[in-house]
Amino acid sequence: MDASALLLALRFGDTAFPSGGFAFSQGLEGLGAVSGARPDTDAIAGFLTEQVRHRWGSAERVTLVQCHRGDGDLDAIAALDHDLDLSSFSEPLRLGARRNGAALLATHLRLGTPGAAAYRARVADGAAPGTLAAVQGLLWRASGLDEASAALLAGYQLVTGGLTAATRLGLIGALGAQQAMPALLATVAAVCAEPVASDAEPVGFSPFSDIAAARQARLPLRLFSN
Amino acid sequence: MNAPLASLRRPELDIAVERRGPASRLVGRYVTYPFHLTRLFALDAARPEVATLYMQSSSGGFYAGEDLTVQVRVGAGAALHLTTQASTLVHGDRGRTARMRVLVEVAAGGFLAYTPDPQILFPGAASDTRLDIALEGDAVAFLADGLLVHDPKNAGGMPLAYRSRVDVRRDGQLVASDRQVVDGPDLARPDGPLHGHRVAASALWLTAETDAHGFEDALDRPGCLAGVSSLPNGAGLGLRLLARDGAAHERAMRAAFAHVFAARFGVPPAVRRK
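Order-wise, the sequence lines are chains A and B. Numbers 1 to 226, taken from this note's numbering, label the letters of the first sequence in order. Numbers 1 to 274, taken from this note's numbering, label the letters of the second sequence in order.
Because the hints were derived from the structure by calculation, they are not lab data. Among the hints, erroneous ones may be present.
Covered stretches of chain B (in silico footprint by chain A; criterion: 3 or more residues with CB under 8 Å from a CB of chain A, positions within the stretch not fixed) [what the hints assert, rightly or not]:
1. 135-149
2. 177-184
3. 191-205
4. 239-246
Some chain B residues flagged as far from chain A (calculated, every beta-carbon gap over 10 Å) [what the hints assert, rightly or not]:
5. 163
6. 216
7. 255
Listed below are several chain A residues computed to face chain B (Cβ distance under 8 Å; list not exhaustive) [as the list claims (entries may be wrong)]:
8. 91
9. 103
10. 107
11. 113
12. 205
13. 206
14. 208
15. 211
16. 218
No experiment lies behind these values; they were computed from the predicted model shown. All residues carry an ideal CB built from backbone N, CA and C; glycine is no exception.
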């Protein structure tokens, strides 16, 4: 990664940047309801590892990379966006992906990133769902971030978002989150090293987190909507 | 990328059910190796329009290298429950994949429940199943699938791969696609996505019904974790289930079928003996 890509990734990955990807709990709040115990650091790390390995790496990452390769072709990106949305089983996670994608689009609209206004109009018209992964691929490419860095950044945000959610829920302290981080980021790096074929489709196998997300949706006092 | 799967040759099992007066009748039936089909049963006295059929395997399982196709058509106003009498053993052999395609059409007013018992994945098994369903109008379907990991020698054997895809079209429009892919060794790992369970199953209830919580409550059974979510584009409700063992899975899926049946027909289903 050259200096400009590194700095761009740092900028977009910084919590000061309103990216829409932070504190996305991925169903973490439902983990306790499913496992019957208050999740500890190991349980949280295991839950996020599973998300990275068995869902994000083979689904959202695939869409992100293909949308990045779309190089601003909004029709092609919208088709990939639709495909990810209709193959996302869990409604809380599906709606969360749309919500976070809309937030990232809104930020880049204000920044004047090429393609942001046109794609936001499609989302507003219902012509595209605007999932976070598709929007990341579109906007980060338009911002000059290379494909590999874009995938790593999205993986990083998934991990930090989950750990931030766990911290806000009082399940883990800030230091505990940092202790869990190296292994999680190593998983992100390993997953991102796997190539994405041009005809790859989003797939996954995450029944436990699908169940946790369903249970989260029923919690009376939940902090996170997704 | 989302074109319907074309069938290039005659399916090994090809059946059509249509409504005739108060009952649903088998009007088309072609069965060849390795399938065997029972006669049509009318098990639900209160709802004579519901026909039940059992698919059987005469080969003792689902073998590496096989590429089987099942086609099912349910006519307007007809109702069919297609199930199996036992789980299907999926045998492994040098990494070759066992493939099955299921092509389903349900006409307006029709009902199909397709509830095969879970596949039992033996060491080395690689299973790839794909189901394409085309629904017309207000047609309703309940589709189940699942896997059970089995190592008969308890010697660390593990399946090779599991791949399952269900594409749902209503009135020609692709509305949902459930795609589950996992490497077999991940299924065997104690810290893998099964979380210590031996059975993972899914069911799609393709209906206008939206009470996810009511459906989920019906599945609260010992030894099971269940979660129900609304599917994309109003396609219906989707169930994920992890079960401690085959018996716990069977209890939960019986409850799921009973819930769906009662919602559709207003009465509980008769017992489906296996």
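Of the numbered hints stated previously, which ones are contradicted by the structure, given in increasing order? 1, 5, 6, 9, 10 and 11
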